[in-house]
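S.K.: These are the residues of each chain, in order.
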Amino acid sequence: MSGTGSGGAARPDPSPMLLDCRDIHMDFSGLRALGGVDFSAAEGEIVALVGPNGSGKSTLVNVMSGAMRPTSGRIRFGGVDITGRKPHAISRLGIARTYQIPRPFGTMTVLGNVAFAASFSADALPQREAEQRAWECLDFTKLAGVAHQLPGAINLQQRKFLELARALAARPRLLMLDEVLTGLNPAEIEDSLDLIRRIHDSGVTLIIVEHLMRVITQLASRLVVLDRGKLLAQGDPGDVMGREDVITAYLGREYA
Amino acid sequence: MTARSASAFLLVGIALFLVPNLREWMGFPVYILVFLYSTFYWITQATSWNILSGYSGYFSFGQSAFVGTGLYATAIFSAQYRLNFFLAVLLAGLITTLLALAVGFVAFRLRSLRGEIFTLLTFVVAFVLAAIAQLSSFVDGGQGRVLTPPRYPAFFGSYNDLIFRMGAIAAVIAVGAAYAIQHSKLGRGLFAIRDDEDVAEALGTPTFRYKMIAFAISGFLAGAAGGMNSLQVSYLTTDTTFNFIVPLFVILMSTLGGRNHWLGPVIGAVLIYSLQERLAGAGFADSSQIILGAVLALTILVVPEGLYVRLRAIWRLALAVFVIALAAQQVLGVFDSILTRFFVALVVVLPFVVVPPRRLAGLGWFAPRAVPPRPRPNPAPRANGRLDREAAR
Amino acid sequence: MLYVQTFVTGVLSAGILTLIAVGFSLQWRILKLVNLAHFSIVLLCAYLTYDLSSRTGIDPFVFVPVVVPAGALLTMGCQWLFDHFKVTVFNSLLLTFGLFIMVEGIITDIWGGDFLRINAAISPYSTKSFTVFGIAVPLAPLIAFAVAALLVFGAAVYLQRSYFGKALRAIAQDREIATAYGVNYRRVSTLLAAGNGAAGALAGVLVAVSGAVYPTASEAWIGLVFAVVILGGIGSPLGALVSAVLIGAVTGVGSAQWGTSAAQLIMFIILILVLLWKTEGLFKRLRV
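As given, the protein sequences belong to chains C, U and L, one line each in that order. First residue of the first sequence: 45, per this note's numbering; consecutive thereafter. First residue of the second sequence: 398, per this note's numbering; consecutive thereafter. First residue of the third sequence: 621, per this note's numbering; consecutive thereafter.
Keep in mind the hints are simulated off the structure, nothing from the lab. Remember, predicted model here, so these are calculated numbers, not experimental data. Just so it is clear, CB atoms sit at the ideal spot from N, CA and C, and this is done for glycine as well. What you were told as hints is all true, and nothing was included just to trick you.
Pair ranges (Cβ atoms, derived):
#1 Arg508/U <-> Tyr801/L: 24 to 30 Å
#2 Ala197/C <-> Gly759/U: 21 to 27 Å
#3 Asp280/C <-> Leu698/U: 58 to 64 Å
#4 Ser246/C <-> Asp595/U: 25 to 31 Å
Let the sequences and hints guide you as you build the complete structure.
M.R.: Written out as C-alpha cells, the structure is:
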C-alpha cells in the first residue's frame, strides 16, 4: 500500500479535506436515519465506514452521492458546496460509487457499461475514445475476457468488478465502495483487496462501507463507526476497535 | 448522425418523393399510394412514440393527445385562419411540443413510481384534452369540425401524390431522427435510463433533461404528423381523434417490431397496418379492436423483446421465404391484389421469425447468426496494468 | 340548497369509485402491477349483472353470489398470467392495455354500443331516493357507499391484524426477502387477486344497479380512480375512501355548476397539484 493514505487521519486542520459533511440529518417521514453526522475524508485516505445494519451507512453514502437530499446539513467536496445538487452533477465533480448489489445496465455489454460511464463523465469522451478507456479499465479489473458478454452472463465477483470498472471509467477523485466484498469467497476477497489497493495506488481517495473486520484493519487508514444514525467513534482502526462502546454497539451485536 | 447515414436518409427521401412520377411506368394503381401514405403515417407515429417510450422505457398512453391536438390546431390555423398548410402543420407540432414539455415537467420530476405515474398521467391528459375540446366552441364545442382540402404548390402533383409525398417526408424525418438519436449520446443516455435510471443519473446522465428532450421530439413528430393527417380527414370529432386507437396502434407496432431499435417501429407499423387494412378489406373492421388488443397481449407474453432482434439474426432466411412466397403466388395466380399477396407473404414469413432460433440451426447459410461485436480497436494489452490518470489526459 | 344537494350526491358517488380503486391500488403497491384489466373486469361484471337481471326479471342483488365469484376468478386468471410469464410492472401496463382494449371490443360485440339500463320495475334502486332535511338521498349510491365503507374498514383492520396482511406488507417491502422467509408469493398474490376481483365485481353490480352501462364507461373510471389512488396514497384503502369522497364532492359540485366536462378538468387539476407537491398522497399514514 502506498504511503499517501496514512497522513489523513492525523492532520488537525480540517480545511484540506476532500469531502466534508457537517451535521447531516436525514429523516424519512418521521423515521430518523441520520441525526447530525459529521464525516470527512482527506485526499488519499482510505476511510472505512462501519456500523450495524440500520446504523445509517447506506443512507450516508446515498446522501454524499446526491441520491438523497439531506433534511439538513452541508456537504462540501473539493471546497465546493454540493448539498442538494443532482447526482449527475456531483458525479461530474469526481465522486463515484458502487452499489451493494451490483446494478449493471442489463441490455448493454460489459464493455458498453464501462464505456457509458466514460462518455458521461466530466471528460465527456466521444464513443471511440470512451471504448478505448473502457478497455483500459477492463484490463485493470481483469474483465477484458468477458468484455462482449451481457452482465447477466457473468458471475457475482465479475459483476462486482464491473461496478468498480464502471466507477473508475469516470476517473473519479473519490470512490465510495458499498460492501464490495459481501457474498464473495475467500479467494475472491483476496483478489478484490488487491484490486482495491491498486485503485488506491492510482490516486483515488476511497470510502469503504464494509462488514469484514479483517479487511478493514488491512486496508483502512481511518475508521468511522456509526450507530443508530450517530457518529459513535472514529480514528485509527486498531484504537477504535479496541473501544468498549464500539464492541458492544457493533461487534457485540455481530459476534456475541 | 454521420454524413454517410444522413445522405442515405436523404437519398431514400428523394427516391420516395419521385415514386409518384414513376407510378405509371412501374404500373401500380393509385390506391397503393394511399395505402403507402397510411403506412408512412403509422411509421411516423410509432417512431415518435418509440423515441421516448421505447428508448427510455417511459410508456405513454397519450399519443392521441398529440395527434388530436395536432389535428385540431392544423384545422384551426389552416381552415379558419387561412394560414399556409405547411406552416399550420409546423405550428401544430410546436404546440404539441409545449404540451409534451408540460406533461414531462409534472411526471419526470417524481422520485418514485415515475414510470407508472407517467403512463397513467398521459392517459388522463388525452381524456381531459377531449373534455376541453368539447367545452370550447373555439376548438370543437361538441359540434365537430369540417375540414377543407388545403391549397398546395403544384409540384406536389395530384392530391394523392401530395399525401403520398407528405407521408414519405414525415416518415423519413421521423425515422431519421430516431436513427440519429439511437446513435448519439442522447440515445445511449435514454437506454441507460430504461435499464436503471438511478445508476444512469449517478454516472453523470442528466436524466431529467434527456427525458424532456426525447419527449419534446416525440411530441413534435406526433403533433406535426397528426396535423398532416388532416389531409385525409374531412370531418373531425373529439371521439375520432382523442381515442384509444392511436395509442393502441403505436404501442402495438413498436412492441411487436421491437422497442430497442429504430427499425422496430417501422417493422411493426408495416405488419400491423397491413393486418388492419386486410381485416377491414375482409369485412372484419368491427373486430379489429379485439384482434389487435389480443395481438398486443400475446406479443408481451410471447416475444416481449420484439421481432427486430430475431429478424436480424435470420434476415437471409426471412427474405428468401418472402420472395418465394411472392413468386409462388404469382406462378399459381392466386390473390390478384398486390396488397393481399404482400400480406400473405408476410404471414408466411412470420412462423420462421417466431420459432426458437436453435430449431433453424441446420440451414447453413440461411441459419440464424449473431452479429459479431466490434473487435478491440488497438490491442495494447497491459494486463494487470495501472490506471495512469495523467498519461491519459 | 343546490350546493348541499350536489355535495351529498357527489360524496355518495365515492362508494363505487372506492370499490374500484381499492383493488387497483393494492395490486399496484404490493404486487407492483398496474392492472388496467381491473377496469374491464368491473365493467364485465356490470354487464353480467345487467344481462342476468334483465333476462330473468329478478332483482339484480340476487346475482351477487354469481357475479362476485366470476369477478374474483377473472382477476385470478389475470394474476396467473402475470405470475406465470413473470410480467414486469411496465409490461403489465402494456399487457393489460391490450386486454382492456380487447374487452371493450368484446363487450361492444355482445351487447352493442348503446346505454343499457335495468328496467326500473326489476331494479327500483336507481330511481328511488328519500329525503332528509329537504335533501334527496339517492338509494343506490347510498348502498354503494355503505358497502364501500364497510369493506374498506374491514380490509384495513384485517390487513393490519392478520398473517395475510403481514405477508402482503413483507412482499411490498421486498419480495425476495419475503419469499426467503417463507411467504408463499403465488398463494398470497392469488388471494389478493381474488379479493380485488370480488371488490371490483361488487362495484360492477352497483354500477349496473345505479345507472346505465356502456362499453366505454371504463375509460372514464381510469382517470378518476387514478386521481383517487394518487391523492389517497398508493396502497391505502382508507386513503382511497377519503380521497374518493373529496374528489366526489368537488366534481359533484363542479359538474352541477359548470357541467361534467368541467368536472373532469377540476379532477385533473387536483391530480396535477398533488403530483407536483405531494407525490406520496395526502394520507400516507393510512397506508396498509
